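Visitor: Here is what each chain is made of, one letter per residue.
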Amino acid sequence: MTTRTERRVGRTGGLIGDSPLRPDGIPKLKGEFEYAQDLTAAEMLWGATLRSPYAHARIVSIDLAPALAVGGVHAVLTADDVPGRGTFGLEQPDQPVLAGDYVNYWGEPVVVVAAEDQDTARRAAAAVVVEYEVLEPLVDPEEADRRDETFRRMKIRRGDQDITGDVIVDGYYEVGMQDQAPLGTEAGLAIPDGHGGVDLYATSQFVHVDHEQVVASLGLTSDQVRSHPTGIGGAFGAREDVNLHIHLCLLALHTSKPVKMVYHRSESFTGHVHRHPARMWYRHHADMDGNLLRVEAKVLVDGGAYASTTGAVLANACYFAVGPYRCDSVTVDGVGTRTNNPPCGAMRGFGAVQVCFAHETQMDRLAAALDMDSLDLRRRNALATGDAIPTTGQIIETPLPMTEVIDSLVAMPMPDATISDSPLSLPGGTGLTTEPTDVSRGVGYALGIKNLGFSEGFDDYAQARVRLTAEGATVETAAIEVGQGLVTVLAQIARSALGVSRATVRNVDTSMIDSAGSTSASRQTQLSGGATLEASTRLRARILHAYNGDDLDDDGVWSEGRLVTPMAEITEGSWEETATFRHPATTEPDENGQGVIHADFAVAGHRAVVDVDPELGLVRVVRVDTAQDVGKALNPQSVRGQIEGGIMQGVGLAIMEELIVEDGIIRNPNFTDYLLPTILDAPEVEALLIEKEGSWGPYGAKGVGEPPIISSAAAVAAAIRDATGRPIDRIPVRPQDIALL
Amino acid sequence: MIVSFIVNGEGVTARVTTPVSLLDVLRDQLELPGSKSACEQGECGSCSVLLDGALVCACLVMAVDAEGSTVRTVEGIASEGTLHPVQVAMHEAGAVQCGFCTPGIVVAAADLFDRDPTPTTDQIKEAVAGNICRCTGYGAIVRALESVAGERR
Ligand code: FES
Ligand code: FES
Numbered sequence: 001m002t003t004r005t006e007r008r009v010g011r012t013g014g015l016i017g018d019s020p021l022r023p024d025g026i027p028k029l030k031g032e033f034e035y036a037q038d039l040t041a042a043e044m045l046w047g048a049t050l051r052s053p054y055a056h057a058r059i060v061s062i063d064l065a066p067a068l069a070v071g072g073v074h075a076v077l078t079a080d081d082v083p084g085r086g087t088f089g090l091e092q093p094d095q096p097v098l099a100g101d102y103v104n105y106w107g108e109p110v111v112v113v114a115a116e117d118q119d120t121a122r123r124a125a126a127a128v129v130v131e132y133e134v135l136e137p138l139v140d141p142e143e144a145d146r147r148d149e150t151f152r153r154m155k156i157r158r159g160d161q162d163i164t165g166d167v168i169v170d171g172y173y174e175v176g177m178q179d180q181a182p183l184g185t186e187a188g189l190a191i192p193d194g195h196g197g198v199d200l201y202a203t204s205q206f207v208h209v210d211h212e213q214v215v216a217s218l219g220l221t222s223d224q225v226r227s228h229p230t231g232i233g234g235a236f237g238a239r240e241d242v243n244l245h246i247h248l249c250l251l252a253l254h255t256s257k258p259v260k261m262v263y264h265r266s267e268s269f270t271g272h273v274h275r276h277p278a279r280m281w282y283r284h285h286a287d288m289d290g291n292l293l294r295v296e297a298k299v300l301v302d303g304g305a306y307a308s309t310t311g312a313v314l315a316n317a318c319y320f321a322v323g324p325y326r327c328d329s330v331t332v333d334g335v336g337t338r339t340n341n342p343p344c345g346a347m348r349g350f351g352a353v354q355v356c357f358a359h360e361t362q363m364d365r366l367a368a369a370l371d372m373d374s375l376d377l378r379r380r381n382a383l384a385t386g387d388a389i390p391t392t393g394q395i396i397e398t399p400l401p402m403t404e405v406i407d408s409l410v411a412m413p414m415p416d417a418t419i420s421d422s423p424l425s426l427p428g429g430t431g432l433t434t435e436p437t438d439v440s441r442g443v444g445y446a447l448g449i450k451n452l453g454f455s456e457g458f459d460d461y462a463q464a465r466v467r468l469t470a471e472g473a474t475v476e477t478a479a480i481e482v483g484q485g486l487v488t489v490l491a492q493i494a495r496s497a498l499g500v501s502r503a504t505v506r507n508v509d510t511s512m513i514d515s516a517g518s519t520s521a522s523r524q525t526q527l528s529g530g531a532t533l534e535a536s537t538r539l540r541a542r543i544l545h546a547y548n549g550d551d552l553d554d555d556g557v558w559s560e561g562r563l564v565t566p567m568a569e570i571t572e573g574s575w576e577e578t579a580t581f582r583h584p585a586t587t588e589p590d591e592n593g594q595g596v597i598h599a600d601f602a603v604a605g606h607r608a609v610v611d612v613d614p615e616l617g618l619v620r621v622v623r624v625d626t627a628q629d630v631g632k633a634l635n636p637q638s639v640r641g642q643i644e645g646g647i648m649q650g651v652g653l654a655i656m657e658e659l660i661v662e663d664g665i666i667r668n669p670n671f672t673d674y675l676l677p678t679i680l681d682a683p684e685v686e687a688l689l690i691e692k693e694g695s696w697g698p699y700g701a702k703g704v705g706e707p708p709i710i711s712s713a714a715a716v717a718a719a720i721r722d723a724t725g726r727p728i729d730r731i732p733v734r735p736q737d738i739a740l741l
Numbered sequence: 742m743i744v745s746f747i748v749n750g751e752g753v754t755a756r757v758t759t760p761v762s763l764l765d766v767l768r769d770q771l772e773l774p775g776s777k778s779a780c781e782q783g784e785c786g787s788c789s790v791l792l793d794g795a796l797v798c799a800c801l802v803m804a805v806d807a808e809g810s811t812v813r814t815v816e817g818i819a820s821e822g823t824l825h826p827v828q829v830a831m832h833e834a835g836a837v838q839c840g841f842c843t844p845g846i847v848v849a850a851a852d853l854f855d856r857d858p859t860p861t862t863d864q865i866k867e868a869v870a871g872n873i874c875r876c877t878g879y880g881a882i883v884r885a886l887e888s889v890a891g892e893r894r
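If you're matching them up, the sequences are chains P and R in order.
All residue numbers for the first sequence refer to the numbering used here, where the first residue is 1 and numbers rise by one.
All residue numbers for the second sequence refer to the numbering used here, where the first residue is 742 and numbers rise by one.
Rather than coming from a laboratory, the hints here were simulated on the basis of the structure.
The model shown is predicted, which means the values in this text are computed figures rather than measured ones.
Note that the Cβ used here is the ideal one computed from N, Cα and C, for glycine as well.
A hint or two may mislead.
[Said to hold, decoys possible] Here are a few chain P residues that face chain R, going by a calculated C-beta distance under 10 angstroms:
| # | residue |
| --- | --- |
| 1 | Leu21 |
| 2 | Pro27 |
| 3 | Phe33 |
| 4 | Gly184 |
| 5 | Gly234 |
| 6 | His264 |
| 7 | Ser266 |
| 8 | Gln484 |
| 9 | Pro677 |
| 10 | Glu684 |
| 11 | Val685 |
[What the hints assert, rightly or not] Simulated crosslink set (SDA-like; lysine to any residue; CA at most 25 angstroms straight-line):
| # | chain 1 | residue 1 | chain 2 | residue 2 |
| --- | --- | --- | --- | --- |
| 12 | P | Lys632 | P | Met412 |
| 13 | P | Lys30 | R | Glu751 |
| 14 | P | Lys30 | R | Val829 |
| 15 | P | Lys692 | P | Pro584 |
| 16 | R | Lys866 | R | Asp793 |
| 17 | R | Lys866 | P | Gln637 |
| 18 | P | Lys257 | R | Asp769 |
| 19 | P | Lys692 | P | Thr385 |
| 20 | R | Lys866 | P | Leu432 |
Chain R extracted, bound-state conformation (with noise of 0.2 angstroms):
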């Protein structure tokens, strides 16, 4: 069956004769591989995205679920040449070094700051908390996130 959704703001269709998730169709049709596979079991959180504005594991979604839904993958956070704050400051953090969780933690950390900018590190940790990153020990993570909301408070 023909699958039609909005990814990143632009309307695209999926052709889908097996029961594939939504990961699945963004990175192997779409053209969108951002979007992480690791555990495909919903456990990492490398896959992160935005479905119709809710933070789901798009490993766990079928790809027939996505119709007609808005999807915000992490191609989309950056805006118009821009980059998300939050990705200014795991740059500078140092919270990148694979980058195999990045994409994931970028995702659920904009997602975040869009519901509130100003969070605590408790809540910080809390959103996060669905990411496995196996490089950075968390610590670069959580001082990038800290600085975004120092900067907002």
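With the rest of the complex left out, here is chain P (with noise of 0.2 angstroms):
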């Protein structure tokens, strides 16, 4: 017999709180891992988008034949061959697969090619003659937002709308456009079934909505596609909107063969949906003791030509805009509009990173004009458990531990104060421009909060399967992993729920498995996870009831300490069972913003330390320490790779990447001209995870993929205006703004 002791020897790790090593991990180091860029097919030809070079325009004409000439081209197709809708979006279905009568945005799809080979498929798509009326364009978004050119306004009143405070302080705030820039750029493959469907393999955060955007745009049946999930190199919020999706799939069809595309990096800038830029006015009312009683604020984001996201972006930006401070008088407008810049949409942190840069600098501005420590006015007002949420009125419900997070980030040590002599270290780096003795110190500190799940009444649910066989347990899902690592932790869920050693996660595409929903709003542990443990628990529980078991593992099914039932019997039979895991619901909001609308919340904190060469305007981010709100860390070692890749990005939006759009163009469409932070440009980090357990998220876990960004740019912003001194009203901050140059 064997004992309950020896048992327990079959669980060699890979449980909830451990760190396994990634499945994907050891291909992916030998280059044998296959992404979207590295498929074929037989017979496959290359697909190639001709764009628009203008930011406005009418299309009088289209001559294709030049086009046609070229040897090897199969298909040159334009609006008028696209059936169905014809048209795509994440929240109005505002965009056309190609563009027909008019141009609204530059690098907008007019004709898609089809040829044997990428070089003839771009030379042909080049070719195509397409004459314009040059109009206009509208790129200003005040006066947009003057012209009522919008894609939502929201309104927030909450409270007493006539208080006064003590101290008043009013900042204005801008914030460049970022660009997710995740480094493997937008590709697919799109394969013909024989029977008028396709099977699309594409980079995705959501497949089951770009498989309902392609059905819809091309008027096919839905079992006519199937959307597989395929390996990509990071998302970062451009994969939730489709780009080449429709077009692989229209021209598959058309031509009756395998297409596939690769966006180049500079078509790749053109290809995705941006971070939206954003303009922010606000006034913060305190007493004289540093209670907050009143803000105000006006936010405006720019959405671009399309709507993609930027209703529920703007959204986010003034559900947030008051950041985690208690306040009961709240005024917010805001709108998001439309232009003829380039569409914007989802980017990690979805109108909250935003507002966080307003709202801390606000803070800080309030702290200094009460002569109070910046950090004693935050405590202060800090949210908690059973507060309001300053904006909708929400009661939040689960553990929000905030004054833990100031608390924590106090008490972690301060880097060394001497600066250092490595050129490595140094504002201006190895080019030699700053000496220890130019540089200038500074510190900030910012708080940040952020929805996790979709919110405002959304829908929101994913479904996992998970079965047992021999080879131990499998879950079957649709999420997108994007590089996170959800591989690794639905596996450990798995192994910890069922209570079997040896689980792995297959992707399946849309035709097997209900939606995951997106790989957005850091939601895929919650909720796959949450599907996942369910449908591992509901499993366990059928198994030891089918053999009068109280206890699953390797060995099989356990009774009061005996082995009753070998795991290679259990195995005889078909065991699977499907969840589908929602959390709490939430609601719309009213006419005055106020409701139910989200369902959880993640806090965070960072301190940043800079060392600025003030005369040249140089920045280098010494340190960046963080506290977050974690809830239950389910892999620790895949939340720190959350933690320091999500203050990378932060550190990049506050010093460095913009996207410079002039007259509705971008103007640095490639990396040589988009600046992203290297391995130099890295701060130190430390971060210390919170653990509370309570939320709803398996085993209390919270979403852990945006916190790290929403704070950590405006900490950045603020210890350099601790160095320097100026203003620094803006992100990205650039040279002149610290230099006066």
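Now that you have both chains on their own, put them together as the hints suggest.
Guide: Below, the structure written as structure tokens:
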């Protein structure tokens, strides 16, 4: 008889709270992991896209003949060739698959081509002659606001609207247009099935919504399209909207051949949406003790030419406009404008990033006006469980350890005060621009809050299926692994909940399982993790019931310490459970923006230490420390990976990453001119995970992907302000904002 | 024209009709898609390979210029089923997320340790300063490579 003590030997790690090795790690390290860019199929054609060279124009005529004359070309398609609805969009289907009478932004797709190789496809696309009547683009979002060219307006009114504080602080802030710049560009392969349908393998964060949009825009039936999860090189929001997906399916169905497309980098910069640039006007009122009495804000985000997720980003920006603070008198007006600028949509932090820079700068200024320590001011007003979200009035029901975050952050050790003389550690780096004696050091703090999961009454769910076979447990899901480690954590949940040591995650297409929802809004660990936990728990209960047992492990079913049925016998049968997990329901806002708008919240705080060369306006971020509310860290190594990666993107937003748009045209759509942080820009990072269980996520876990970017950018800006005494009211901070060149 | 060179120890030939890069030939003709294309202009290091022992961006090398050379790609870093210490350390440190930067970093770091088994942290950073990683924030990459240097000391 096997005894209970021996049975424990079977459970070798990989459980909840462990940090097992990623199952896709070795293939990625050996160059064997297959990304969308690497897919091939027999007789495959290559696709290419002709894009608008103008931000706004009427299409007078299109002459396809020169493209069709290129040898090896199989199809040259325009809007006239698009069957079905012909438009797509996440919030409203307002964007044409291919431009019809007008082009509304620079880079808008006009013609798609399929040819025998990529070079031919690109040459053929370039050969198409389009005659445009150039029109005046609308590029000033404030003008768009005045003309009521908008995707959404938000009005939030809470509490007494006539309060005035003893101390009033006004501010105006701007955030530039950041790009997700995932390292893998958009890529995909569509394979016709020979019966009028198509299989799509393309970069995505949400295959079910891609599927829905392909079906509707091309007039197909649901069962004619299968969208398959595919290896992708990062996402950060850039893959929530479709881009090449519909074009690929259109070309594949038209040519009856597999068609592949890969965007080159500059095309990628026009082929996906960006973080919304924002303009924000603020007024904070407080009493002499530093109690926040009233906050008034106007938030403008420019959505560009098409809706994408502008409505939801704007709403988020407005809901978190006050930050993680109590305040009972709030006025927020928001507008998401429609212009001829590049379309903007989802990027990590989704609206909360922009307002965080504004509300945290306001808090620092308020503290200065009150002659108070800025952390004391924040602590005094910090939100806690049981408080109302200041904008929506929603009572916070789950743990919200804002005070613990502040206290932990303050207690973390500061870096050595001496300025290193290593060139790698100085502003300007190996450019050798700066002597240690030129350097001025600054420290800045910022706190942020973000909703988890989809909000405003959206039916947000994820489905997962768990099977038990002789090979162990398999979790089937359509949830997208973007690099964050979902394939690791879902297996950890299955192992822990089911009781077996072998578990793997298998991605399946849209015909094989219901939606997992989007890999965004920090939601997959909670939602797909929740579904995996529920399916595993139910499967375990069914097996125990079937064999009259009280425990299950690799050996089989146990009862009162005795093995009653060995695993080999159990797995002769077919065991699977499918579960659909929903987070607590939310409501749409009422006319004042009030309601139970969000499913859950997470908070974090950042402390940035920067070295600045004030004469040249150069910045080096020395260190960023953080404390983050994670609920429960299911995989501490992955959580740390999200924190460090998110902070790096926050540092990028604070000091270098900005798409420069002039008259609607992106001036720096390449990695030479759109600056991304390198390893030499990476600060030291220390992270404290605040674990307070009680959220509805599996084992009390909260989403962790977005909080790292929300307040890190604001903390870096605050540190630069501290080092230089400059106002720093826009990010990215440019040399001229520091040196006043 | 026909270009002949050695990749990961094997002689190969490629037919080159247009001015294509070594990266395109590796990926599209020689079935070696491990080297990644992410910027096509020498800014990200995703396409890093060793050309006659020198670290280069394969996107910047014309395929015809590889004639007669010896190329080592990420697929040739692990030898006979044994991972390179850099690969092991990166796996253990959590230095791989989406993995798109990973092949380039593996090649650049393996090259560093082949030249200097015990580099300092600054030397490690300089060696991979041409490799952009958008996911990890670099912390885990530094820890991984420091651990390789530490073990060799
Ligand atoms: S693809 Fe060669 S350096 Fe970026
Ligand atoms: S792991 Fe994604 S770019 Fe480095």
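Visitor: Next step is simple, just say for each hint if it's right about the structure.
Guide: Hints, verified against the model:
1. Leu21: Leu21(P) check passes; min Cβ-Cβ to chain R is 6 angstroms, inside 10 angstroms.
2. Pro27: 8 angstroms, holds
3. Phe33: 6 angstroms, holds
4. Gly184: At about 5 angstroms, which falls below the 10 angstroms cut-off, the nearest Cβ of chain R leaves the hint on Gly184(P) intact, so it holds.
5. Gly234: Interface hint status for Gly234(P): holds (4 angstroms vs cutoff 10 angstroms).
6. His264: OK, holds: His264(P) within 10 angstroms of chain R, min 6 angstroms.
7. Ser266: 9 angstroms, holds
8. Gln484: Since the shortest Cβ distance to chain R is 7 angstroms, the answer is holds.
9. Pro677: Where the cut-off is 10 angstroms and the nearest Cβ of chain R is about 8 angstroms from Pro677(P), the hint holds.
10. Glu684: Glu684(P) check passes; min Cβ-Cβ to chain R is 8 angstroms, inside 10 angstroms.
11. Val685: At 6 angstroms from the nearest chain R Cβ, Val685(P) passes the 10 angstroms test, so the hint holds.
12. Lys632(P) - Met412(P): It holds: about 21 angstroms lies between the C-alpha atoms, which stays within 25 angstroms.
13. Lys30(P) - Glu751(R): Judged against 25 angstroms, a Cα distance of about 18 angstroms means the pair holds.
14. Lys30(P) - Val829(R): Distance of about 11 angstroms is within 25 angstroms: holds.
15. Lys692(P) - Pro584(P): 19 angstroms, holds
16. Lys866(R) - Asp793(R): Answer holds: Lys866(R) to Asp793(R) is near 23 angstroms, not above 25 angstroms.
17. Lys866(R) - Gln637(P): Answer holds: Lys866(R) to Gln637(P) is near 21 angstroms, not above 25 angstroms.
18. Lys257(P) - Asp769(R): 19 angstroms, holds
19. Lys692(P) - Thr385(P): Roughly 11 angstroms separates the two Cα atoms, so the pair holds.
20. Lys866(R) - Leu432(P): Roughly 17 angstroms between the alpha carbons, so the hint for Lys866(R) and Leu432(P) holds.
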